[in-house]
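Line by line, the protein sequences give chains A and B. Counted the way my numbering counts, the first sequence spans residues 1 to 334. Counted the way my numbering counts, the second sequence spans residues 335 to 668.
Treat the hints with care, as some may be off.
[As the list claims (entries may be wrong)] Pairs of lysine to aspartate or glutamate, DMTMM-like flavour, derived with a Cα cap of 20 Å: (1) B/K527 / A/D96; (2) B/K638 / A/D96; (3) B/K431 / A/D86; (4) A/K177 / A/D251; (5) B/K514 / A/E181; (6) B/K511 / A/D92; (7) A/K6 / B/E515; (8) A/K77 / B/E337; (9) A/K180 / B/D518; (10) A/K97 / A/D86; (11) A/K177 / B/E468; (12) A/K268 / A/E322; (13) B/K340 / B/D534; (14) B/K431 / A/E323; (15) B/K527 / A/D92; (16) A/K304 / B/E364; (17) B/K457 / B/E468.
[Unchecked claim] Over 10 Å on every C-beta distance to chain A, these chain B residues come out as not near it, computed from the model: (18) P376; (19) E388; (20) R393; (21) Q400; (22) L473; (23) P507; (24) Q521; (25) D534; (26) H574; (27) T603; (28) H614; (29) A622; (30) M623; (31) A640; (32) E657.
[Said to hold, decoys possible] Here are a few chain B residues that sit away from chain A, every Cβ distance over 12 Å (derived from the structure): (33) F379; (34) Q502; (35) H577; (36) I650; (37) L667.
Simulated from the structure, these hints should not be mistaken for laboratory data. Beta carbons: idealized from backbone N, C-alpha and C, even for Gly.
Chain residues, written in single-letter form:
Number of protein chains: 2
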Amino acid sequence: MPELRKDPITGRWVIIATDRARRPSDFSREPVITAPPTRFCPFCFGNEQKTPPEVLAYRVNGGANQSGWSLRVIPNKFPVLGIEGDLNRQGDGMFDKMAGIGAHEVIIETPEHTATLSTMGEKQVEDVLWAFRERVLDLKKDHRLLYILLFKNHGEHAGATLEHPHSQLIALPVIPKRVKEELDGAQVYYNFKERCVFCDIVRQESQAGARLVTETERFVVIEPYAARFPFETWIIPKRHDSHFDESGAPDLQNLAWVLRSTLRKLDKTLERPAYNFLVHTAPVQEAAMRHYHWHIEIMPRLTKVAGFEWGTGFYINPTPPEESAQFLREAGLG
Amino acid sequence: MPELRKDPITGRWVIIATDRARRPSDFSREPVITAPPTRFCPFCFGNEQKTPPEVLAYRVNGGANQSGWSLRVIPNKFPVLGIEGDLNRQGDGMFDKMAGIGAHEVIIETPEHTATLSTMGEKQVEDVLWAFRERVLDLKKDHRLLYILLFKNHGEHAGATLEHPHSQLIALPVIPKRVKEELDGAQVYYNFKERCVFCDIVRQESQAGARLVTETERFVVIEPYAARFPFETWIIPKRHDSHFDESGAPDLQNLAWVLRSTLRKLDKTLERPAYNFLVHTAPVQEAAMRHYHWHIEIMPRLTKVAGFEWGTGFYINPTPPEESAQFLREAGLG
Numbered sequence: 001m002p003e004l005r006k007d008p009i010t011g012r013w014v015i016i017a018t019d020r021a022r023r024p025s026d027f028s029r030e031p032v033i034t035a036p037p038t039r040f041c042p043f044c045f046g047n048e049q050k051t052p053p054e055v056l057a058y059r060v061n062g063g064a065n066q067s068g069w070s071l072r073v074i075p076n077k078f079p080v081l082g083i084e085g086d087l088n089r090q091g092d093g094m095f096d097k098m099a100g101i102g103a104h105e106v107i108i109e110t111p112e113h114t115a116t117l118s119t120m121g122e123k124q125v126e127d128v129l130w131a132f133r134e135r136v137l138d139l140k141k142d143h144r145l146l147y148i149l150l151f152k153n154h155g156e157h158a159g160a161t162l163e164h165p166h167s168q169l170i171a172l173p174v175i176p177k178r179v180k181e182e183l184d185g186a187q188v189y190y191n192f193k194e195r196c197v198f199c200d201i202v203r204q205e206s207q208a209g210a211r212l213v214t215e216t217e218r219f220v221v222i223e224p225y226a227a228r229f230p231f232e233t234w235i236i237p238k239r240h241d242s243h244f245d246e247s248g249a250p251d252l253q254n255l256a257w258v259l260r261s262t263l264r265k266l267d268k269t270l271e272r273p274a275y276n277f278l279v280h281t282a283p284v285q286e287a288a289m290r291h292y293h294w295h296i297e298i299m300p301r302l303t304k305v306a307g308f309e310w311g312t313g314f315y316i317n318p319t320p321p322e323e324s325a326q327f328l329r330e331a332g333l334g
Numbered sequence: 335m336p337e338l339r340k341d342p343i344t345g346r347w348v349i350i351a352t353d354r355a356r357r358p359s360d361f362s363r364e365p366v367i368t369a370p371p372t373r374f375c376p377f378c379f380g381n382e383q384k385t386p387p388e389v390l391a392y393r394v395n396g397g398a399n400q401s402g403w404s405l406r407v408i409p410n411k412f413p414v415l416g417i418e419g420d421l422n423r424q425g426d427g428m429f430d431k432m433a434g435i436g437a438h439e440v441i442i443e444t445p446e447h448t449a450t451l452s453t454m455g456e457k458q459v460e461d462v463l464w465a466f467r468e469r470v471l472d473l474k475k476d477h478r479l480l481y482i483l484l485f486k487n488h489g490e491h492a493g494a495t496l497e498h499p500h501s502q503l504i505a506l507p508v509i510p511k512r513v514k515e516e517l518d519g520a521q522v523y524y525n526f527k528e529r530c531v532f533c534d535i536v537r538q539e540s541q542a543g544a545r546l547v548t549e550t551e552r553f554v555v556i557e558p559y560a561a562r563f564p565f566e567t568w569i570i571p572k573r574h575d576s577h578f579d580e581s582g583a584p585d586l587q588n589l590a591w592v593l594r595s596t597l598r599k600l601d602k603t604l605e606r607p608a609y610n611f612l613v614h615t616a617p618v619q620e621a622a623m624r625h626y627h628w629h630i631e632i633m634p635r636l637t638k639v640a641g642f643e644w645g646t647g648f649y650i651n652p653t654p655p656e657e658s659a660q661f662l663r664e665a666g667l668g
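For reference, chain A alone in the conformation it holds in the complex:
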């Protein structure tokens, strides 16, 4: 008999199809293949003049917008939002609109075209996290920007249009709907329990173990109870913090290890799947929140999401998280 499980944060119900559980080998494999560029790559060394000027770079040598960097952040050449102008909120008949003010940046994670976050060195992954933090701290000075999305599309099936390893940042003048829903749900839980729902999840999953993938000094990696997708994986810091950008050096060092190790487990178990990850963090202009707790959600792209799942927010997951957790634990790799 399948089970209906409720996500304790958003209240979303998910069907966990326990009867016809799908194992890693049941998913059609379309591994993300890395290979040297066969055509012009704007993110490789020597092509710095072909991108908008960098807003941040970590470099071994060379000057701004020259080769010699180890990580580079640039505005997206085709941004979905622009930083100049006024928000100009206004009506449009019965509707509401505003100008598309915001920032859209690309974090070029390494000069190595064929690297991935699981194959590059731990220090390099840590630098990506430092770049995330630095860009958030800079952009939040602009008080028009209420939310900053940090995310990665890995592989064409996950929406990546360029192969060279990169993540993205989108800074918005509004709070996205799902973010607000998560904040509101966490507030409802806090009002009832006077505890943070994520802190409770960390405690319970660490003790129970069935959905635990890894635990380190500072983080737990779990398959969530009401996972929407097979092998959906969350990385949650043990210390309560609502904002990712509050993380210090020991946090980011440990997170680099945890993120890389988790992606390596997924790569090994699912044969280098396409995936998305998204940093869930509190709105940048708001003070520390007792009810919200930043974390990272990783979604491997193994199944086609049917239209009714989009339309309803009601997901059918053919792989119980207890089983995917076991596969990932057995993958080893620390």
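We have chain A already, so just place chain B on it with the hints.
Same frame as chain A, but now just chain B:
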């Protein structure tokens, strides 16, 4: 400058990327090809014994579970929910679960393997709508079932696993999250305006015309103001009704024409795209609602949905709805 537009029902903000608007020819075309079955098809004539026994059929001749039907509704052979047993709501540590009670049915729309809703006759499309209504009226007698999803995945890219034309029904013991959000949003609008938001949309879009695709005696077809996807298309009845199953014969006759004509326009403009549609209707156990208005949402699958869009509910649409509406109007076909 791109525009941020707000959906007046859910409050969801969408980026409409007006600067780099994408035309129909800009999307990678993977037309849904129809062809006679190359292997066993459980939905074709003669294979009635290979499916679970029918729960409804319209037939020209033959007895139950024999050939001679023109439309057939069967329980899904691999249901995601089962109809037998108790809900058995219970805690699981800090989490909540219940048994996967519900119904999962398949509406086999026609015996013709290569037909589609745009190529079959209008009467046949009408019969599909009658079957939707009949199954809802039957299933709502089971008071455990709070919501009934009626939807179609057309083409492999939209999640269809069998080619033979069919739609699906999932009856649930919970109200899906996005449905609740739509109901709540419509209630907030009603509280403020004392008018139904959908009635307002029908009036405004019919008068303004920029996002109008077709208008008939009983329906308007529009590209919504804050469309999440290129060529997202809504069919809204002009008469206020919260429940789809309240529709009578003149409604369903007119809807059959409108649905078929809309799918034909999409087929012509986008070269037979994969698509999903979903009937948005009020929870079956609830009385008529003044603030909610049933409708159909059609989502052609033209772009890959990036992970951050799932994770945030924040969509980037590269085709302004005013442009897609114009393309669809120019497609003609009534």
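| query | Holds or violated: are the alpha carbons of A/K77 and B/E337 at most 20 Å from each other? | reply | The hint holds at about 18 Å.
| Nearest-CB test (10 Å) between chain A and B/H614 | The assertion about B/H614 is violated, with a minimum of 8 Å to chain A.
| Separation of B/A640 from chain A, once the least beta-carbon distance is taken, above 10 Å | Non-interface label on B/A640 violated, nearest chain A Cβ at 4 Å vs cutoff 10 Å.
| Is the hinted pair A/K177 and A/D251 satisfied, with a Cα-Cα distance of at most 20 Å? | violated (28 Å)
| said: Verify this label for me: B/H577 is non-interface relative to chain A, using a Cβ-Cβ cutoff of 12 Å. | reply: Consistent with the label, B/H577 stays out of reach of chain A, its closest Cβ about 17 Å off (over 12 Å).
| query | Does the claim that B/T603 lies off the interface hold, with its Cβ farther than 10 Å from every Cβ of chain A? | reply | holds (19 Å)
| query | Is the straight-line distance between the alpha-carbon of A/K180 and that of B/D518 20 Å or less? | reply | holds (15 Å)
| Any Cβ of chain A at or closer than 12 Å to B/Q502, or is the non-interface label fine? | Not fine: 8 Å to the nearest Cβ puts B/Q502 too close to chain A.
| Keeping to a limit of 20 Å between CA atoms, is the pair of B/K340 and B/D534 held or broken? | Distance ~15 Å between B/K340 and B/D534 Cα, so the pair holds.
| request: Compute the least Cβ-Cβ separation between B/R393 and chain A, then decide whether it is above 10 Å. | output: holds (28 Å)
| task | Verify the proposed pairing of A/K304 with B/E364, using a straight-line Cα cut of 20 Å. | result | Holds: A/K304 and B/E364 sit about 16 Å apart, inside 20 Å.
| Does the claim that B/L667 lies off the interface hold, with its Cβ farther than 12 Å from every Cβ of chain A? | Its Cβ never comes within 12 Å of chain A, the nearest being 23 Å, so this holds.
Checked against the numbered hints listed earlier, the structure breaks hints 2, 3, 4, 6, 11, 23, 25, 28, 31, 34, 36; every other hint is satisfied.
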